[in-house]
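S.K.: Model the full assembly from the supplied sequences, consistent with the hints where possible.
Given next are the chains, with one letter for each unit.
Protein chains: 2
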Amino acid sequence: MSLIAVGTMAFDAIETPFGKSGQIVGGSATYLAWSASNFVKPVNQLSVIGYDFPKEELDALEARGVKLDGVQIKQDEKSFFWAGRYHLDMNTRDTLDTQLNVLAGFEPVVPESYQGAEFLMLGNLMPKLQLSVIRQLKTRPRLIVLDTMNFWMDTAMEDLEAVLKEIDVLMINDSEARQLSGQFSLVKAAKIIRKMGPKYLVIKKGEHGALLFHENEVFFAPALPLEEVFDPTGAGDTFAGGFIGHLAATKDISFANMKTAIIKGSALASFCVEKFGATRMKEITKKDIDARVQQFVDLVNFEIVISE
Amino acid sequence: MSLIAVGTMAFDAIETPFGKSGQIVGGSATYLAWSASNFVKPVNQLSVIGYDFPKEELDALEARGVKLDGVQIKQDEKSFFWAGRYHLDMNTRDTLDTQLNVLAGFEPVVPESYQGAEFLMLGNLMPKLQLSVIRQLKTRPRLIVLDTMNFWMDTAMEDLEAVLKEIDVLMINDSEARQLSGQFSLVKAAKIIRKMGPKYLVIKKGEHGALLFHENEVFFAPALPLEEVFDPTGAGDTFAGGFIGHLAATKDISFANMKTAIIKGSALASFCVEKFGATRMKEITKKDIDARVQQFVDLVNFEIVISE
Numbered sequence: 001m002s003l004i005a006v007g008t009m010a011f012d013a014i015e016t017p018f019g020k021s022g023q024i025v026g027g028s029a030t031y032l033a034w035s036a037s038n039f040v041k042p043v044n045q046l047s048v049i050g051y052d053f054p055k056e057e058l059d060a061l062e063a064r065g066v067k068l069d070g071v072q073i074k075q076d077e078k079s080f081f082w083a084g085r086y087h088l089d090m091n092t093r094d095t096l097d098t099q100l101n102v103l104a105g106f107e108p109v110v111p112e113s114y115q116g117a118e119f120l121m122l123g124n125l126m127p128k129l130q131l132s133v134i135r136q137l138k139t140r141p142r143l144i145v146l147d148t149m150n151f152w153m154d155t156a157m158e159d160l161e162a163v164l165k166e167i168d169v170l171m172i173n174d175s176e177a178r179q180l181s182g183q184f185s186l187v188k189a190a191k192i193i194r195k196m197g198p199k200y201l202v203i204k205k206g207e208h209g210a211l212l213f214h215e216n217e218v219f220f221a222p223a224l225p226l227e228e229v230f231d232p233t234g235a236g237d238t239f240a241g242g243f244i245g246h247l248a249a250t251k252d253i254s255f256a257n258m259k260t261a262i263i264k265g266s267a268l269a270s271f272c273v274e275k276f277g278a279t280r281m282k283e284i285t286k287k288d289i290d291a292r293v294q295q296f297v298d299l300v301n302f303e304i305v306i307s308e
Numbered sequence: 001m002s003l004i005a006v007g008t009m010a011f012d013a014i015e016t017p018f019g020k021s022g023q024i025v026g027g028s029a030t031y032l033a034w035s036a037s038n039f040v041k042p043v044n045q046l047s048v049i050g051y052d053f054p055k056e057e058l059d060a061l062e063a064r065g066v067k068l069d070g071v072q073i074k075q076d077e078k079s080f081f082w083a084g085r086y087h088l089d090m091n092t093r094d095t096l097d098t099q100l101n102v103l104a105g106f107e108p109v110v111p112e113s114y115q116g117a118e119f120l121m122l123g124n125l126m127p128k129l130q131l132s133v134i135r136q137l138k139t140r141p142r143l144i145v146l147d148t149m150n151f152w153m154d155t156a157m158e159d160l161e162a163v164l165k166e167i168d169v170l171m172i173n174d175s176e177a178r179q180l181s182g183q184f185s186l187v188k189a190a191k192i193i194r195k196m197g198p199k200y201l202v203i204k205k206g207e208h209g210a211l212l213f214h215e216n217e218v219f220f221a222p223a224l225p226l227e228e229v230f231d232p233t234g235a236g237d238t239f240a241g242g243f244i245g246h247l248a249a250t251k252d253i254s255f256a257n258m259k260t261a262i263i264k265g266s267a268l269a270s271f272c273v274e275k276f277g278a279t280r281m282k283e284i285t286k287k288d289i290d291a292r293v294q295q296f297v298d299l300v301n302f303e304i305v306i307s308e
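Listed in order, the protein sequences are those of chains A and B. Using UniProt numbering, the first residue of the first sequence is number 1, and each one after it goes up by one. Using UniProt numbering, the first residue of the second sequence is number 1, and each one after it goes up by one.
Treat the hints with care, since some could be wrong.
As the list claims (entries may be wrong) - Computed cross-link-like contacts, DSS-like style, restricted to lysine-lysine with a CA-CA straight-line distance of at most 25 Å: (1) B:LYS188 - A:LYS275; (2) B:LYS191 - A:LYS205; (3) B:LYS205 - A:LYS259; (4) B:LYS165 - B:LYS199; (5) A:LYS275 - B:LYS199.
Claimed, not checked - Anything over 12 Å on all C-beta distances counts as not near chain A; from chain B, calculated: (6) ARG93; (7) GLU158; (8) GLU283.
Claimed, not checked - Here are the in silico distance ranges between beta carbons for each label pair: (9) A:SER175 - B:GLU158: 33 to 43 Å; (10) B:ARG93 - A:LEU96: 31 to 41 Å; (11) B:PHE255 - A:LEU226: 17 to 27 Å; (12) B:ASP94 - A:GLN295: 31 to 41 Å; (13) A:GLU166 - B:PRO54: 53 to 63 Å; (14) A:GLN295 - B:MET153: 24 to 34 Å; (15) A:MET153 - B:LYS286: 21 to 31 Å.
Bear in mind the hints are in silico, worked out from the structure with no lab data behind them. For glycine and all other residues, C-beta sits at the position ideal for the given N, C-alpha and C.
M.R.: Quick look at the structure:
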């Protein structure tokens, strides 16, 4: 049930209509680890940080069952920094500042102790670095999941196409699926994208839920209607962490179990957006998660008898 | 199980990215009748048409079990006409032309034979006319469902507020729910709108499905992911017709049965958008509808065992 989680560990400064976060810890791998570790331990983390990354954050992750052997610490550089401002719809945002810092020269190295992992979660990162991790693994994992974004479609499409050929599950949002496929219809987009490599496609639609496509099957998972989305940062990574965490814990990569994994991921993401950054992810218990999953069951549950 | 369906019977001229319809028959009550009559007969139609409305369309409706006693025919006026053009997203549209014609002086009259109806579907129409129908009924129906649109919020808000106090179920889309409540969060919007009168609120989200709110309960129904939406005109009316048609046929207005009614309405709407106007609604059989409903069941079905 071993899992490698790859991505950034960083600082974010977030503005929403509700306020400003100040500089807080973020990054795709941070959210992945907090989320997946609800289901599976250890999470073998692969990332890079600078001298300024708080030791207490690393200690908290280790206490949680996250292994940091694969996290490089650059003693003379700063951690990756992103600042952004969300619009009123909480779905779109402007990037205010990006400082690559340690990310600029990052070359991921898979520690010997991570070899043989059955599950690989490639969080949002430069596609060529995601590919480098796959190439370093001596045995191909049973399942490789990749999260990416429009920025890489705009700036590194060749690298992205190369890594898409090597993965099993791709996770993107609806506008990214449209951009990647050149199709407005998500059903048509899914067909085209699955020809690019991934056998499974998860399309995240934010407040509108998520779709899972595989061969001729499709599954629709709702998002929980929330009174307030306080900060959507990290929701996609948290969703991905819950998805692969559940699969790694159950060792079952059937379509049926992927549906459950999507519901678990959606439940965790619904907590993530309740407070700034990963705050909420550090507070929730198994009981909280079970209650939230039950809300999803109740939300979509209906009985229909088709009469003759 | 008697049902009254109120709304327009009209001509539309529709432009989509796929082509132009030319002048075809449309109107909220036309779609309501074609949809509801899959489940319940008769549908007691209440509307107004001009001298130009095709007799074969009226004959087709009558053959289908739609009563036309409440359809006024104005021999010296033309039928209501609407022309519109859909944008590429098929979700937004521009009105190109509106000719009120018979609608301008329309005063609905409920025929004696319609009195005692248990179900009343008030399709999209001037709110004061919707209220007039309610006032004419000697016995209040068991369930009054109202469909409306942003145009009436902009131009006849006082009338709309008055009729909202008299109904049970309101159907609007997500942007209309936000406009009516002044809240971006649909959960908050639902609370505010339910205080305006309706005990139940259905928020239609097009390709993103629909939400049903009642007291502390919420139900999320998906939309079927479609390869192509050819023409969305009438999809909301068709949804409403399927919803009230199922409720009227089963005479069960519990929350659980409303969930089923929403799935049935969604299934019918998914046919409506496949061709221009009501073309598809005239073709489909019970077998087609059952198969489509089964697709909805499969789409959202998942099994989760919450372990201790």
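S.K.: Failing hints, ascending?
M.R.: 5, 15
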